[in-house]
Each structure stands twice: as structure tokens, then as C-alpha cells.
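**Q** Listed here are the chains, written in short residue letters.
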Amino acid sequence: SQELEQSPQSLIVQEGKNLTINCTSSKTLYGLYWYKQKYGEGLIFLMMLQKGGEEKSHEKITAKLDEKKQQSSLHITASQPSHAGIYLCGAVYTGANSKLTFGKGITLSVRP
Amino acid sequence: NAGVTQTPKFQVLKTGQSMTLQCAQDMNHNSMYWYRQDPGMGLRLIYYSASEGTTDKGEVPNGYNVSRLNKREFSLRLESAAPSQTSVYFCASSEALWGSRNQPQHFGDGTRLSIL
Numbered sequence: 002s003q004e005l006e007q008s009p010q011s012l013i014v015q016e017g018k019n020l021t022i023n024c025t026s027s028k029t030l031y032g033l034y035w036y037k038q039k040y041g042e043g044l045i046f047l048m049m050l051q052k053g054g055e056e057k058s059h060e061k062i063t064a065k066l067d068e069k070k071q072q073s074s075l076h077i078t079a080s081q082p083s084h085a086g087i088y089l090c091g092a093v094y095t096g097a098n099s100k101l102t103f104g105k106g107i108t109l110s111v112r113p
Numbered sequence: 006n007a008g009v010t011q012t013p014k015f016q017v018l019k020t021g022q023s024m025t026l027q028c029a030q031d032m033n034h035n036s037m038y039w040y041r042q043d044p045g046m047g048l049r050l051i052y053y054s055a056s057e058g059t060t061d062k063g064e065v066p067n068g069y070n071v072s073r074l075n076k077r078e079f080s081l082r083l084e085s086a087a088p089s090q091t092s093v094y095f096c097a098s099s100e101a102l103w104g105s106r107n108q109p110q111h112f113g114d115g116t117r118l119s120i121l
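Chains as they are written, first to last, in this note's numbering: chain S, 2 to 113; chain U, 6 to 121.
Among the hints, a few may not be true.
Derived pair list, reagent style DMTMM-like, types lysine to aspartate or glutamate, alpha-carbon separation capped at 20 Å [claimed, not checked]: (1) Lys100/S x Glu100/U; (2) Lys39/S x Asp43/U; (3) Lys105/S x Asp43/U; (4) Lys28/S x Asp67/S; (5) Lys37/S x Asp114/U; (6) Lys19/U x Asp31/U; (7) Lys100/S x Glu57/U; (8) Lys39/S x Glu100/U; (9) Lys14/U x Glu42/S; (10) Lys14/U x Asp31/U; (11) Lys28/S x Glu64/U; (12) Lys37/S x Asp43/U; (13) Lys69/S x Glu55/S; (14) Lys105/S x Glu57/U; (15) Lys14/U x Asp114/U; (16) Lys100/S x Glu64/U; (17) Lys62/U x Asp43/U; (18) Lys37/S x Glu60/S; (19) Lys37/S x Glu6/S; (20) Lys100/S x Asp61/U; (21) Lys105/S x Glu64/U; (22) Lys52/S x Glu42/S; (23) Lys57/S x Glu42/S.
Here are the in silico distance ranges between beta carbons for each label pair [what the hints assert, rightly or not]: (24) Ala87/U x Ile13/S: 32 to 38 Å; (25) Ala87/U x Lys28/S: 32 to 38 Å; (26) Thr78/S x Ser56/U: 38 to 44 Å; (27) Gln108/U x Gln10/S: 27 to 33 Å; (28) Glu4/S x Ala87/U: 26 to 32 Å; (29) Asn67/U x Thr95/S: 25 to 31 Å; (30) Ala101/U x His76/S: 27 to 33 Å; (31) Leu121/U x Gln72/S: 38 to 44 Å; (32) Asn70/U x Lys39/S: 42 to 48 Å; (33) Asn107/U x Gly17/S: 31 to 37 Å; (34) Glu100/U x Ser74/S: 26 to 32 Å.
If you're looking for bench data, these hints aren't it; they were derived computationally from the structure. All figures in this text were calculated on a predicted structure; none of them were measured in a lab. Backbone N, C-alpha and C fix where the C-beta goes; we use that ideal spot for every residue, glycine too.
With these hints in hand, go ahead and build the complete structure from the sequences.
**A** Here is the structure:
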């Protein structure tokens, strides 16, 4: 079963609108990464969250990790065409053999 | 600053052919990784190298081999390519194993591999 679920699978928004996407883990997280991928390119690091309740912002993108450290949301304010792409979350869990595991990604399209 | 460089960017192979995907990083990172990305499957770890001289299997290692040639270079080899290995392959590197808050994994631009 998938340990890390991202929702929705895809999203189309009008330019200027706000949006929120989610990443949910079946286990308590040690850390949660958010990456963005433009079509045909590699992954670009956005931010990492580790503490329960932590919130980080980068330009118009804000990511939060819930207190239980099992769910993260990523919010984009006043979306722009440059925000379009695939957003992936990656999770690291506690334990000696824990590896970085990625979700399947959310495809965001922004209509001008 | 090049970061993580992957070659080639595109490749078409016939079933049964072999090839090596090259990856080099110039950030003096200790750890390096190979992932494959498939529609609906997300990013899956093939092999990783925690440090120079070590390699370990990831989630989907069958059909692949790797070599950590030195601290900079980590290659991925397909000995006998199969259509199921058609994918986009990404190499990544990080200072610490799996990355950290201030030093996450850095990714190359990918190699798009088609096997006919």
C-alpha cells in the first residue's frame, strides 16, 4: 500500500486564484520535503518541514506540517502560470533503514 | 555551477541492448541516487550510494547495476534492456544520506529512455 498519498491527483486553476494541495502519510513523519518539477525537467527543492505545526514560506508558496506530523499542505496564493508543474512530496521516517519516499505527484495547470 | 549533470538526455534502445547512464555532481556531495519516474507511479528509487565505495538497492533494483566510480560520479547500467525499463531516469545527490533541511537532494534534468 502507498505510504504517501497526494491529493488531488491534478488541478486546473484560473490565474490569480488560490489553491491548496495535500500530502498525507500513513505513518508519523521525521521530515517532509516539497519539490516542484516543470515539464521535461528535473526536481527543484521548495522546502522541508520537520517540526509538528511548522510553517514555511517561499515567495507565494506556503507549506505546513500538522501537529501529528502525518499531513502537509502546500498553499499557493494568487497563482501564476509560472506555478504550473508537478508538485511532489517526499517523506523520511524514523528508523535506521528509512529511505526518502516520494508521492506520485500533483499536476497543476494555471490558465491565463 | 552545473550541479548534477546527466548524460545522455535522450536515448532509444532496442530490447536486449545494453547501455550506461552517466551522472556527475560538482557539489562534493557524499550521497548519490538513481530514480525512475513513470506515469502514475511517481518517483521510485533504483539504487543509492551513501558514500564513495558503497552502493545499496532501492525499491526497484532488478535489471540494473550501478557503479560509484568516485565521489563525483555514479553510473547506472542496463545490461539487457527491456520495454518495461522505458522511463525517465533521474540522478540526485546530497551531502547527507537522504538529504537534510538545509541541504536537500539536488536532481539532474533526467534521461529519457525508450526501449523498443
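**Q** Against each hint, give a clear statement of whether it holds in the structure.
**A** Outcome of the hint check:
Simply put, Lys100/S and Glu100/U have alpha-carbon atoms about 15 Å apart, close enough for the 20 Å limit, and the pair holds. Among the hinted pairs, Lys39/S with Asp43/U is consistent with the structure: their alpha-carbon atoms are about 15 Å apart, no more than 20 Å. A C-alpha spacing of about 9 Å is found between Lys105/S and Asp43/U, which places the hinted pair at or below 20 Å, so the restraint holds. Straight-line distance between C-alpha atoms of Lys28/S and Asp67/S comes to about 13 Å, which keeps the hinted pair within the 20 Å bound.
The straight-line distance between the Cα atoms of Lys37/S and Asp114/U is roughly 12 Å, inside the 20 Å bound, and the hint therefore holds. Our distance criterion of 20 Å between C-alpha atoms is broken by Lys19/U and Asp31/U, whose separation comes to about 32 Å. Taking the CA atoms of Lys100/S and Glu57/U, the gap is about 18 Å. The hint holds against a cut of 20 Å. Proposed proximity of Lys39/S and Glu100/U is contradicted: the alpha carbons are some 24 Å apart, above 20 Å.
For the suggested pair Lys14/U and Glu42/S, the alpha carbons sit about 10 Å apart, so the restraint of at most 20 Å is met. Under the criterion of a C-alpha separation no larger than 20 Å, the hint pairing Lys14/U with Asp31/U is consistent with the structure, at around 18 Å. A C-alpha spacing of about 18 Å is found between Lys28/S and Glu64/U, which places the hinted pair at or below 20 Å, so the restraint holds. For the hint linking Lys37/S to Asp43/U, the alpha-carbon distance of about 16 Å falls within 20 Å, and the restraint holds.
For the suggested pair Lys69/S and Glu55/S, the alpha carbons sit about 11 Å apart, so the restraint of at most 20 Å is met. At most 20 Å may separate the alpha-carbon atoms for a hinted pair to count; Lys105/S and Glu57/U exceed this at roughly 30 Å. Distance restraint check for Lys14/U and Asp114/U: the Cα-Cα separation of roughly 8 Å lies within the 20 Å cut-off, and the hinted pair is therefore satisfied. Straight-line distance between C-alpha atoms of Lys100/S and Glu64/U comes to about 10 Å, which keeps the hinted pair within the 20 Å bound.
Proximity of Lys62/U to Asp43/U is assessed by CA-CA distance (about 19 Å); at most 20 Å being required, the pair is judged to hold. At roughly 14 Å between alpha-carbon atoms, Lys37/S and Glu60/S fall within 20 Å of each other, so this suggested pair holds. Pair hint Lys37/S plus Glu6/S holds up; C-alpha atoms about 16 Å apart against a cutoff of 20 Å. The straight-line distance between the Cα atoms of Lys100/S and Asp61/U is roughly 11 Å, inside the 20 Å bound, and the hint therefore holds.
With a C-alpha separation of about 14 Å, the suggested pair Lys105/S and Glu64/U falls inside the 20 Å cut-off, and the hint holds. Annotation: proposed proximity of Lys52/S to Glu42/S is violated, straight-line Cα distance about 30 Å (limit 20 Å). In summary, the hint linking Lys57/S to Glu42/S is not supported, as the alpha carbons are separated by about 24 Å, beyond the 20 Å threshold. For Ala87/U paired with Ile13/S, a C-beta distance near 35 Å keeps the hint of 32 to 38 Å intact.
Judged by the Cβ atoms, the range 32 to 38 Å given for Ala87/U and Lys28/S holds: they are separated by roughly 33 Å. A beta carbon spacing of about 41 Å between Thr78/S and Ser56/U agrees with the range 38 to 44 Å that was offered as a hint. Between Gln108/U and Gln10/S, the C-beta spacing of about 31 Å keeps the proposed range 27 to 33 Å intact. Under the hint 26 to 32 Å, the C-beta atoms of Glu4/S and Ala87/U, about 27 Å apart, fit the expected range.
Our hint of 25 to 31 Å for Asn67/U and Thr95/S holds, since their Cβ atoms are close to 28 Å apart. With their beta carbons about 28 Å apart, Ala101/U and His76/S fall inside the hinted range of 27 to 33 Å. Taking the beta carbon of each, Leu121/U and Gln72/S are about 42 Å apart, inside 38 to 44 Å as hinted. Our hint of 42 to 48 Å for Asn70/U and Lys39/S is violated, since their Cβ atoms are close to 30 Å apart.
Our hint of 31 to 37 Å for Asn107/U and Gly17/S holds, since their Cβ atoms are close to 33 Å apart. A hinted range of 26 to 32 Å holds for the C-beta pair Glu100/U and Ser74/S, which are about 28 Å apart.
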